[in-house]
Amino acid sequence: MTRNDPIKHFFIWPALLIVLLISIFPLVYSLTTSFMSMRLVPPTPARFVGLGNYIDLLQNPRFWHVAGTTTLIAFISVGLQYVIGLSVALALNSKVPGEGIFRVSFLLPMLVAPVAVALIARQVLNPTMGPLNELMTALGFPNLPFLTQTSWALGSIIAVEVWQWTPFVILMLLAGLQTLPDDVYEAAALENATPWQQFRDITFPMLLPISVAVVFIRLIESYKIIDTVFVMTGGGPGISTETLTLFAYQEGFKKFNLGYTSALSFLFLIVITVIGLVYLAVLKPYLEKHK
Amino acid sequence: MSVRTLKGKRRWLALGGCLIWLAITFFPLYWVLITSFKTPIAVVGGPTYLPFVDFEPSLTAWSELLSGQRGQFFNTFWASTIIGLSASIAATFIGAMAAYALVRFTFRFRLLSALIFVAIAFGGFLLGRHVLGFGQGISLIYSFVAALALAIVSSRFRLPGPELGNNDIVFWFVSQRMFPPIVAAFALFLMYTEMGKLGFKLVDSYIGLTFAYIAFSLPIVIWLMRDFFEALPVEVEEAAMVDNVPSWRIFFGIVLPMSKPGLIATFMITLAFVWNEFLFALFLTNSKWQTLPILVAGQNSQRGDEWWAISAAALVAIIPMMVMAGLLSRLMRSGLLLGAIK
Numbered sequence: 001m002t003r004n005d006p007i008k009h010f011f012i013w014p015a016l017l018i019v020l021l022i023s024i025f026p027l028v029y030s031l032t033t034s035f036m037s038m039r040l041v042p043p044t045p046a047r048f049v050g051l052g053n054y055i056d057l058l059q060n061p062r063f064w065h066v067a068g069t070t071t072l073i074a075f076i077s078v079g080l081q082y083v084i085g086l087s088v089a090l091a092l093n094s095k096v097p098g099e100g101i102f103r104v105s106f107l108l109p110m111l112v113a114p115v116a117v118a119l120i121a122r123q124v125l126n127p128t129m130g131p132l133n134e135l136m137t138a139l140g141f142p143n144l145p146f147l148t149q150t151s152w153a154l155g156s157i158i159a160v161e162v163w164q165w166t167p168f169v170i171l172m173l174l175a176g177l178q179t180l181p182d183d184v185y186e187a188a189a190l191e192n193a194t195p196w197q198q199f200r201d202i203t204f205p206m207l208l209p210i211s212v213a214v215v216f217i218r219l220i221e222s223y224k225i226i227d228t229v230f231v232m233t234g235g236g237p238g239i240s241t242e243t244l245t246l247f248a249y250q251e252g253f254k255k256f257n258l259g260y261t262s263a264l265s266f267l268f269l270i271v272i273t274v275i276g277l278v279y280l281a282v283l284k285p286y287l288e289k290h291k
Numbered sequence: 292m293s294v295r296t297l298k299g300k301r302r303w304l305a306l307g308g309c310l311i312w313l314a315i316t317f318f319p320l321y322w323v324l325i326t327s328f329k330t331p332i333a334v335v336g337g338p339t340y341l342p343f344v345d346f347e348p349s350l351t352a353w354s355e356l357l358s359g360q361r362g363q364f365f366n367t368f369w370a371s372t373i374i375g376l377s378a379s380i381a382a383t384f385i386g387a388m389a390a391y392a393l394v395r396f397t398f399r400f401r402l403l404s405a406l407i408f409v410a411i412a413f414g415g416f417l418l419g420r421h422v423l424g425f426g427q428g429i430s431l432i433y434s435f436v437a438a439l440a441l442a443i444v445s446s447r448f449r450l451p452g453p454e455l456g457n458n459d460i461v462f463w464f465v466s467q468r469m470f471p472p473i474v475a476a477f478a479l480f481l482m483y484t485e486m487g488k489l490g491f492k493l494v495d496s497y498i499g500l501t502f503a504y505i506a507f508s509l510p511i512v513i514w515l516m517r518d519f520f521e522a523l524p525v526e527v528e529e530a531a532m533v534d535n536v537p538s539w540r541i542f543f544g545i546v547l548p549m550s551k552p553g554l555i556a557t558f559m560i561t562l563a564f565v566w567n568e569f570l571f572a573l574f575l576t577n578s579k580w581q582t583l584p585i586l587v588a589g590q591n592s593q594r595g596d597e598w599w600a601i602s603a604a605a606l607v608a609i610i611p612m613m614v615m616a617g618l619l620s621r622l623m624r625s626g627l628l629l630g631a632i633k
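So the sequences go chain by chain: Y and P.
Using our numbering, read the first sequence as starting at 1 and increasing by one per residue.
Using our numbering, read the second sequence as starting at 292 and increasing by one per residue.
These are calculated hints, taken from the structure and not from any lab test.
Beta carbons are placed, not taken as given, at the ideal position from N, Cα and C, and that holds for glycine.
Hints may be right or wrong, so weigh each one.
[What the hints assert, rightly or not] Some but not every residue of chain P turned toward chain Y, in silico, with C-beta under 10 Å: (1) L310; (2) P348; (3) T351; (4) M388; (5) L393; (6) A412; (7) A440; (8) W566; (9) L606.
Let the sequences and hints guide you as you build the complete structure.
The following block contains the structure:
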């Protein structure tokens, strides 16, 4: 139930003004630029080209490749983050021994700068100086090309993403689990429901709203991935691990092709919006069923 | 003992899983810590794992770092701290207010008012920039003020078209996070440069970077705090309203203390985001207010595979967040007890 009170304006306007002010210029600027041919190096005067940049991009196989790579990284890593995060949150919520220590230490990776994480990953995955390859050799594998072969490089990036962002999922789901009322579980215990039944019929449905929110946030953030890839592989080998933001960076700040970059970012925005809307539309019936 | 506590074999299985995840979490951190104490020769010679057992720890990397041989660490550290704390406190506070308003108050406006805002903002900017020949900064300010004023005035009238409510405002806030940050960072840099020409120094300034961080943290703060406020029981507030307690006192005196765990979690996420943020700091600062991630990333390109030095630099960026996590988790546990609403 919501109420009406003039004080509401005092509450909402600071946030509204700040976000409007900071967000409207990038929007106006890049949307107008996306319809122009505009380069800074060599400096060429802005020329209106209509949808030219967009058509160029849609015909560029590199764009589709990059979009595919980003989608692959985002979906696999967020999926793994959710599965691991939910398991750990459930374990912590059921008071495993040493729960207090786990709770603090599991948050740590989230707090490390992605740039630093990528640098650490490069050390750990280094073919000669890194510990992981030594372990693999000891287990009888050949020296693995973690960062220099496409599938291994993609796997390494996904692993780093999972390492860094599962804590976020744990934090949010744990907060959600703690708000669930005890009496439902007491009733379930009286009915002799097995732990699996309790999870399937109580915990998971009641946790669904916050799960949807967490996965949504992580998906959108994962689509913007740049720092990790930039430091770990630089998009290589070739362009096989290049992501959308990295592609935009290459076009915008190596080639200073501003019109093309702006068009790219709007296509990027459309891709994310479509994925977000589809995601919410698919999940809506479930959310309403359990309300 | 709660009903949800696991018993018997399952408890040990859960413990085993947690221990495995703990090892995965800690190994890279342990690795960067010991690498920072290795000598260059020990690093190149292949992986070693235990200090004093298979390598002799040395302070080379740290003494080089602290004596300033690898850039202005103290300055950068200070800049990161001030900007991080002020931006995340401000964002949590302003965002919590907005989230509360969106959960408890009714907002209604016509889609047409929002469209008027967008149209005037775009049109005014293009008009000022390309027809009247103003600078980008001036045309932006004029068109923004005009658009806002017209949108607010228009919302006073009964306009046709669909009506929007609280959920649409939340969606608008959250959708701001979808915008690719690389374009936002570059456009913001242009905007700040234009403002600099008008006499407001925003590039490489405290205000400029902090303001950008507040704006980019707000959507996530509003989204998170909204969930926490929605979970609060409305009865307490209704009881207060019966006693004629004004809304602002309900918010500051009752709602904020009750949602302490949520506020702390949100603050922590915001601080981590601001402290570690790379792109905006790269574009909006150059020397005085440069933050740690830029300095750390610079170590790699400047010095190649000097892992001992890179590790020490990375740790300077990592350790404060670890300390904060320890402090806040303690706060959070006591906060959770205080805020137990059941």
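Results of checking the hints against the structure:
no.: 1; hint: L310; verdict: 9 Å, holds
no.: 2; hint: P348; verdict: 17 Å, violated
no.: 3; hint: T351; verdict: 17 Å, violated
no.: 4; hint: M388; verdict: 4 Å, holds
no.: 5; hint: L393; verdict: 7 Å, holds
no.: 6; hint: A412; verdict: 5 Å, holds
no.: 7; hint: A440; verdict: 13 Å, violated
no.: 8; hint: W566; verdict: 7 Å, holds
no.: 9; hint: L606; verdict: 8 Å, holds
In terms of the numbered hints stated before, the structure departs from hints 2, 3 and 7, listed from lowest to highest.
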